[in-house]
Amino acid sequence: MQVTRLDAEGFARSAGDFLAAREAEHNLLLGLTGRLRADANSYGDDEPYFAVVEDRGRVVTAALRTPPHQLVLAETGDPAGYVALAADVHAVFAELPGVSGPASAIGSFVSAWAALTGAGARRTMSQRIYEATEAVRPEGVPGGMRQAGDEDRELLLDWLRAFMREAVPEEAEDATGFLERRAADPDARLVLWEDGAPVSLAACGSATPHGIRIGPVYTPPELRGRGYASALTAELTGELLAAGRDFCFLYTDLANPTSNSIYRRIGYRPVTDAEMWRFGGR
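Residue numbers (the numbering used here): 399 to 680.
Keep in mind that a hint or two might mislead.
[Unchecked claim] What follows is a list of derived Cβ distance ranges for each label pair:
hint: 1; residue 1: P584; residue 2: T522; range: 29 to 35 angstroms
hint: 2; residue 1: A418; residue 2: G516; range: 34 to 40 angstroms
hint: 3; residue 1: E493; residue 2: P668; range: 30 to 36 angstroms
hint: 4; residue 1: L404; residue 2: D556; range: 38 to 44 angstroms
In case anyone wonders, no lab produced these hints; they're calculated from the structure.
It should be emphasised that the depicted structure is a prediction, and the values quoted were computed from it without experimental measurement.
Ideal Cβ positions, reconstructed from N, Cα and C, are used throughout, including at glycine.
Turn these sequences into a full structure, and let the hints steer you where they fit.
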């Protein structure tokens, strides 16, 4: 196994076809790479880590990290590629906060990293990646979608912070930084469902060759159960597809049966499962 570190352009050339062959599974890696090619400092001033693993000249997996965030792994058919990656990542970073990747193989990286560092590891989230090629708009939900504007900034920050505390407390990022990245992303949108007043939030961005990722989607607890998030996600999905996207992607937490069921009802189909792991302790 040969591990090669690259910059964003080199990574796109070397791993692009491999990633694009399974676009839904690699939507996060493809989206991050696209943004980093446009702006190397999109996710901070530290140099991103890009690596491709080849076996006899054939790409078998790849990885990306934007410090201080977790490592993101591509799919692989050969877990030995993850073992080689772990060794290379360890040569660059003495520590990792965590790793995310395909549920079917991520254990190989986690075990290799633990053997190299002695760090403890625990799974923090099991996820499912969904893909939509059509949108089924639910009926009977009052209100409508509108673009979020400058006047909504404080509301957006409050809701984004609430989403991060609830959904990804250990991976939470700065809400202000999230808004700034969305503002710099020409493909991004922040939209609100309004029923007399804003009642739900959705975002999209980090385009892939033929699609785009939706998320986060957030409705305050006191306004849930009324179909707002379903209607907003369906409306945004429909507009993105009508504008020329072949696919829309999103991630769900498998521990949340409600979100998994509502996305199926509005046209999303499951593609594969992923996991997030956190490192720390011994």
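Consistency of the hints with the structure:
no. : hint                            : result
1   : P584 x T522: 29 to 35 angstroms : holds, 32 angstroms
2   : A418 x G516: 34 to 40 angstroms : holds, 37 angstroms
3   : E493 x P668: 30 to 36 angstroms : holds, 33 angstroms
4   : L404 x D556: 38 to 44 angstroms : holds, 39 angstroms
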